[in-house]
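Asker: Listed here are the chains, written in short residue letters.
Protein chains: 2
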Amino acid sequence: MMKNEKIPYKTYLNENEMPKAWYNLRADMKQKPAPLLNPGTLQPMKAEELAGVFCEELIAQELDNDTPFFEIPEEILSFYKMYRPSPLVRAYCLEKKLGTPAKIYYKFEGNNTSGSHKLNSAIAQAYYAKKQGLKGVTTETGAGQWGTALSMACSYFGLDCKVYMVKCSYEQKPFRREVMRTYGASVTPSPSMETEVGRKILAEHPNTTGSLGCAISEAVEKAVSSDGYRYVLGSVLNQVLLHQSIIGLETKAAFDKLEVKPDIIIGCAGGGSNLGGLIAPFMGEKLRGEADYRIIAVEPASCPSFTRGVYAYDFCDTGMVCPLAKMYTLGSDFIPSANHAGGLRYHGMSSTLSELYHQGLMEAVSVKQTEVFKAAEYFARVEGILPAPESSHAICAAIDEAVRCRESGEEKNIVFGLTGTGYFDMIAYQKFHDGEMNDYIPTEEELAVYRAKLPKVE
Amino acid sequence: MMKNEKIPYKTYLNENEMPKAWYNLRADMKQKPAPLLNPGTLQPMKAEELAGVFCEELIAQELDNDTPFFEIPEEILSFYKMYRPSPLVRAYCLEKKLGTPAKIYYKFEGNNTSGSHKLNSAIAQAYYAKKQGLKGVTTETGAGQWGTALSMACSYFGLDCKVYMVKCSYEQKPFRREVMRTYGASVTPSPSMETEVGRKILAEHPNTTGSLGCAISEAVEKAVSSDGYRYVLGSVLNQVLLHQSIIGLETKAAFDKLEVKPDIIIGCAGGGSNLGGLIAPFMGEKLRGEADYRIIAVEPASCPSFTRGVYAYDFCDTGMVCPLAKMYTLGSDFIPSANHAGGLRYHGMSSTLSELYHQGLMEAVSVKQTEVFKAAEYFARVEGILPAPESSHAICAAIDEAVRCRESGEEKNIVFGLTGTGYFDMIAYQKFHDGEMNDYIPTEEELAVYRAKLPKVE
Chain A
166 MMKNEKIPYK
176 TYLNENEMPK
186 AWYNLRADMK
196 QKPAPLLNPG
206 TLQPMKAEEL
216 AGVFCEELIA
226 QELDNDTPFF
236 EIPEEILSFY
246 KMYRPSPLVR
256 AYCLEKKLGT
266 PAKIYYKFEG
276 NNTSGSHKLN
286 SAIAQAYYAK
296 KQGLKGVTTE
306 TGAGQWGTAL
316 SMACSYFGLD
326 CKVYMVKCSY
336 EQKPFRREVM
346 RTYGASVTPS
356 PSMETEVGRK
366 ILAEHPNTTG
376 SLGCAISEAV
386 EKAVSSDGYR
396 YVLGSVLNQV
406 LLHQSIIGLE
416 TKAAFDKLEV
426 KPDIIIGCAG
436 GGSNLGGLIA
446 PFMGEKLRGE
456 ADYRIIAVEP
466 ASCPSFTRGV
476 YAYDFCDTGM
486 VCPLAKMYTL
496 GSDFIPSANH
506 AGGLRYHGMS
516 STLSELYHQG
526 LMEAVSVKQT
536 EVFKAAEYFA
546 RVEGILPAPE
556 SSHAICAAID
566 EAVRCRESGE
576 EKNIVFGLTG
586 TGYFDMIAYQ
596 KFHDGEMNDY
606 IPTEEELAVY
616 RAKLPKVE
Chain B
166 MMKNEKIPYK
176 TYLNENEMPK
186 AWYNLRADMK
196 QKPAPLLNPG
206 TLQPMKAEEL
216 AGVFCEELIA
226 QELDNDTPFF
236 EIPEEILSFY
246 KMYRPSPLVR
256 AYCLEKKLGT
266 PAKIYYKFEG
276 NNTSGSHKLN
286 SAIAQAYYAK
296 KQGLKGVTTE
306 TGAGQWGTAL
316 SMACSYFGLD
326 CKVYMVKCSY
336 EQKPFRREVM
346 RTYGASVTPS
356 PSMETEVGRK
366 ILAEHPNTTG
376 SLGCAISEAV
386 EKAVSSDGYR
396 YVLGSVLNQV
406 LLHQSIIGLE
416 TKAAFDKLEV
426 KPDIIIGCAG
436 GGSNLGGLIA
446 PFMGEKLRGE
456 ADYRIIAVEP
466 ASCPSFTRGV
476 YAYDFCDTGM
486 VCPLAKMYTL
496 GSDFIPSANH
506 AGGLRYHGMS
516 STLSELYHQG
526 LMEAVSVKQT
536 EVFKAAEYFA
546 RVEGILPAPE
556 SSHAICAAID
566 EAVRCRESGE
576 EKNIVFGLTG
586 TGYFDMIAYQ
596 KFHDGEMNDY
606 IPTEEELAVY
616 RAKLPKVE
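Respectively, the protein sequence lines represent chains A and B. Position one of the first sequence corresponds to residue 166 (our numbering), numbered consecutively onward. Position one of the second sequence corresponds to residue 166 (our numbering), numbered consecutively onward.
Keep in mind the hints are simulated off the structure, nothing from the lab. Check before you lean on any hint, since a few could be wrong.
If chains are identical, the list can't say which one is meant, so a pair holds when it fits in one copy or spans any two.
Said to hold, decoys possible - Quick list of in silico lysine to aspartate or glutamate cross-link-like pairs, DMTMM-like style, CA-CA up to 20 Å:
1) Lys491 / Glu528
2) Lys300 / Glu240
3) Lys539 / Glu260
4) Lys175 / Glu240
5) Lys171 / Glu221
6) Lys533 / Asp231
7) Lys262 / Asp325
8) Lys261 / Glu239
9) Lys175 / Glu239
10) Lys596 / Glu336
11) Lys262 / Glu239
12) Lys171 / Glu240
13) Lys246 / Glu260
14) Lys533 / Glu359
15) Lys171 / Glu239
Same shape as in the complex, but just chain A:
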């Protein structure tokens, strides 16, 4: 008790306490995540098959299930210094307001212009692209955080950046687009007429508002058909979880410094970039039998890949130009209802996290949209930070756990990932304030339609 009372509002690591290497969670997994498959041969993808799409060193990171640590290059450490370490915040005001004996912490990743944790991997991917001598990179973005982060990273290294932005976000978030433009990126609403796959989708569904899966297809096509370009992705992939491990490593170092052991670790989950990063070193201890933690993934009830998806091989994109990945998936054609605001709208989930979930090493819950925004507003008023809708899924679950502690009297240490800020999500907040937001959840019948289209892989 005494110790906890001395805990500062915010804990920052000193420069000499900062992690110097990323941690590769897969090295400690006995059952490795299932490999990416070539959709033609159904054989595991080899590095040379991926080389037309991805940067060389990133492919090496993607396929390496054994090396536990990857040294962070000096140039990336320099860039990290511009916005890292991020603070581990003790949510004293929230605890008081909830009247809970639980101790609540959050790792705040929103203190950079991209507004989220996405910059951690964007700068790494841009670095390796530059090192390979490329002209530029292509990518997709949904809510816009990833595209913003990548445009910042590319601007830093002088790389061209071509972003396909899911059409409904492009229209709902013109300011995100303008931020990317400020950093020199070009932004195209997806589906577009610029690519074959875009033209095909528009011909079939002229009124589509787009999807991440479709924007991925366009970005990949553009990369492989342009000289000196490669495709980069902000979530799902093993390499992304590797780079994002900086979040968890800092969090763990801060807790060690405070001599606190978290009991419950909570992260929102779309493709898994933040969750995989936040939990990495803790899950590592769990896998090695050194410690135990409750780890909870929180996803939108309107896009419930963990809680209502199936664990199977599926396409990563709508155009089926990417390798097959084994993951919890709703089917590559699944698009959350138009009323769904914010990100966390990907149909699948990181293969690594899927395997860990499948093994029962973590839990998953889904939360309804209006509950998420209630939690977001509550948090804003109490803790001062206006959270991103994505992050607010984790806030919602953390509040639920803290309320349970109030009922049981338990003084648990709860930590959640506050992945970003909601400054570019005010249209969603406005809908919430005006009562125009609903809690539509896909029916079993709807999900069955997409499930039936899963590729057959033995």
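Put chain B on the given structure of chain A with help from the hints.
Answerer: This is chain B only, laid out in the frame that chain A set:
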């Protein structure tokens, strides 16, 4: 040289190094700022005359020209911990890009949801209103930072918050309005039909897009005509400069810790809240003859109160309901051209800063709008932070000074106030990108019209 090379990217003060008292610059001024005058009697305003408009303790702070330090109440220190200390950042990337031998630093005040330094005074004013047992406060806001900050502070203390927002900002920045709403504030576009002064102005100028001076009049009228309400203001006043001294005190403490002495201190200036706060302890040393610094105020060429205004008594508001203040002013009817984006649009300037400028203790420069946005974009790409248009005035001047150092070979230490972020200013950025922004500057003839209307005070 060796010492400078070891300077970290960001310097944060430890909790025990944080200022515990605000510094009142006026205590060290031999020639005090001119007092507020009662517009009827032209006699200095007494505390009891101000008591219907302002909170009691804030009036005491406003009128106190002698007490050098005011202890910061514990509740405010607690709130400050949620987002302070703010970092003093060494702009290594900017220096390198400019190829300058100058060392550039900035004090970054944007890491809170209000997006600017305004929160420093908002929380203080809300605290004293709460302590006095009030129901709520009224205020005006232009670009929206102050209104956002006040709504956050009022939410924290459970006070009602009524904001009159300059109509053109209300329309151009719907998201700022929505943030205030998230924090529970009510927001009315000004001029409105809610107040007598608003109705009068609308009758005379039905198409007006509003002004700060007009919104102030409405907020004051609302406060004095509502039971349990007082009016609060985010700039210009002595009390605001007092609260904002936290910026300068932290900056000075960080420099002392680094064993660096700044040569040039640069701040943007609208009403003077950031500038007055940033320079306070440095100007104090200068007034006491302990050190010398070049201090530069940077204002928009489209609203040039320091560089083209006159030093005279003037109304603080359009409706002439406030006391008279002696200040550099363009005349209380002055409104910057509609093309002017962002804040720094007040017709006058803090009395304290005006007196210091009049005594030759600081310099002032004006910069054109497109130069400001050029500097903003340059800075964003190099340093990663997307700056507010207001802050970018200081960036622009800092870059100019650093370029001069490149030419002269001098290794000066330059520090500027990066007051906030530009996330809610993307419409202005968009205009800049699309070439729709101009550099309109008021003509001498235009300024003469407003100047002729200054009140006659002997």
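Asker: My question is about Lys175 and Glu239: at a cut-off of 20 Å on alpha-carbon distance, are they close within one copy, between copies, both, or neither?
Answerer: Result: close only across copies, 17 Å inter versus 27 Å intra.
Asker: First find the shortest C-alpha distance between Lys533 and Asp231 inside one copy, then the shortest across copies, and answer within, between, both or neither for a cut-off of 20 Å.
Answerer: Answer is neither: 38 Å inside a copy and 57 Å across each miss the 20 Å cutoff.
Asker: Reference check for the pair Lys171 and Glu240, CA-CA at most 20 Å: within, between, both, or neither?
Answerer: For Lys171 and Glu240, the Cα distance is within 20 Å only across copies (17 Å; inside one copy 36 Å).
Asker: With identical chains, the pair Lys171 and Glu239 could be close in the same copy or across copies; at 20 Å between alpha carbons, which is it: within, between, both, or neither?
Answerer: For Lys171 and Glu239, the Cα distance is within 20 Å only across copies (16 Å; inside one copy 35 Å).
Asker: Which holds for Lys533 with Glu359 at a C-alpha limit of 20 Å: within a copy, between copies, both or neither?
Answerer: neither (36 Å within a copy, 39 Å between copies)
Asker: If the cutoff is 20 Å on CA atoms, where do Lys175 and Glu240 land: within, between, both or neither? Let me know, please.
Answerer: between (27 Å within a copy, 17 Å between copies)
Asker: Between Lys539 and Glu260, at a C-alpha cutoff of 20 Å, which is it: within one copy, between copies, both, or neither?
Answerer: within (17 Å within a copy, 44 Å between copies)
Asker: Within a copy, between copies, both or neither: where do Lys262 and Asp325 come within 20 Å Cα-Cα?
Answerer: Cα proximity of Lys262 and Asp325: across copies only (19 Å, versus 47 Å in one copy).
Asker: First find the shortest C-alpha distance between Lys596 and Glu336 inside one copy, then the shortest across copies, and answer within, between, both or neither for a cut-off of 20 Å.
Answerer: Both: 15 Å inside a chain and 17 Å across chains, each within 20 Å.
Asker: At most 20 Å between alpha carbons: which applies to Lys261 and Glu239, within, between, both or neither?
Answerer: The answer is between: 17 Å across copies meets 20 Å, while 42 Å in one copy does not.
Asker: Can you give me the call for Lys300 and Glu240, within, between, both or neither, at a CA distance of at most 20 Å?
Answerer: Within one copy only: 18 Å inside a chain, 53 Å across chains, cut-off 20 Å.
Asker: My question is about Lys171 and Glu221: at a cut-off of 20 Å on alpha-carbon distance, are they close within one copy, between copies, both, or neither?
Answerer: neither (47 Å within a copy, 35 Å between copies)
Hints 5, 6, 14 from the list above are not met by this structure, while the remaining hints are.
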